[in-house]
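All chains should be modelled from the sequences, with the hints used to inform the complete structure.
Residue numbers (our numbering), protein chains in the order written: chain F, 20 to 132; chain Z, -1 to 111.
To be clear, the hints were calculated from the coordinates, so they are not data collected in a lab.
Remember, it's a predicted structure, so these values are computed and weren't measured experimentally.
Where is the CB? At the ideal position from N, CA and C, for every residue including glycine.
You may find that some hints are simply not true.
As the list claims (entries may be wrong) - Which bits of chain Z does chain F cover? Going by a derived footprint, with three or more residues having C-beta under 8 Å, they are:
no.	region
1	38 to 48
2	91 to 97
3	102 to 109
What the hints assert, rightly or not - Residues from chain Z shown here face chain F by an in silico Cβ test under 8 Å; the list is partial:
no.	residue
4	S29
5	Y31
6	G56
7	F88
Said to hold, decoys possible - List of simulated lysine-lysine pairs, DSSO-like, C-alpha gap at most 30 Å:
no.	chain 1	residue 1	chain 2	residue 2
8	F	K87	F	K77
9	Z	K55	F	K24
10	F	K61	Z	K12
11	F	K87	F	K76
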Amino acid sequence: QQQVKQSPQSLIVQKGGISIINCAYENTAFDYFPWYQQFPGKGPALLIAIRPDVSEKKEGRFTISFNKSAKQFSLHIMDSQPGDSATYFCAARLTGGGNKLTFGTGTQLKVEL
Amino acid sequence: NAGVTQTPKFQVLKTGQSMTLQCAQDMNHNSMYWYRQDPGMGLRLIYYSASEGTTDKGEVPNGYNVSRLNKREFSLRLESAAPSQTSVYFCASSEPWGNTEAFFGQGTRLTVV
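And the structure:
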């Protein structure tokens, strides 16, 4: 079963707009939540990550919001740019799991001019 | 700095053939991982190696074997390829502890006909 549920599957945003991708999890033993960005033909690359004792983390135009009680977290991309067009994966790591990651199903983002 | 290098980049196999996917990292990481990426499924962990000399099954290990040849190299073997193993395979490396980034290779696109 999918332990990390991600939505939407695809997203089209106008240049300058806000892109929002949501993830939800069930296992309370997850202790680290990274987001990965993947361009066509490339491997995923870490974009931003958060621990569950923090409600928000911001790095430039990218923000993770984390709601521990609801077991949900989301990625917000402010002022979205065409160069942000990529597939985004949320992920979660089990406590003591040796950095093994459980990934969401991915969101294909397209930013239009 | 090459990071994580995978070979080959593309491969077509006939059902029943065997092959080995190679992975090497130059970041002196202790842990290495093999994931497969399928449309709508995200990335799923096949096998991982927490440290040199150890390997363990991930979420989808059936039909695969691995070898941690040394600290740098981690190979994935398909003994008798099946069409269900058509996928993009990613190798990754990281440290097994802390909030550390997993670095991914560029992937191997495998088609089994």
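Violated hints, by number in ascending order, as checked against the structure: No numbers; nothing is violated.
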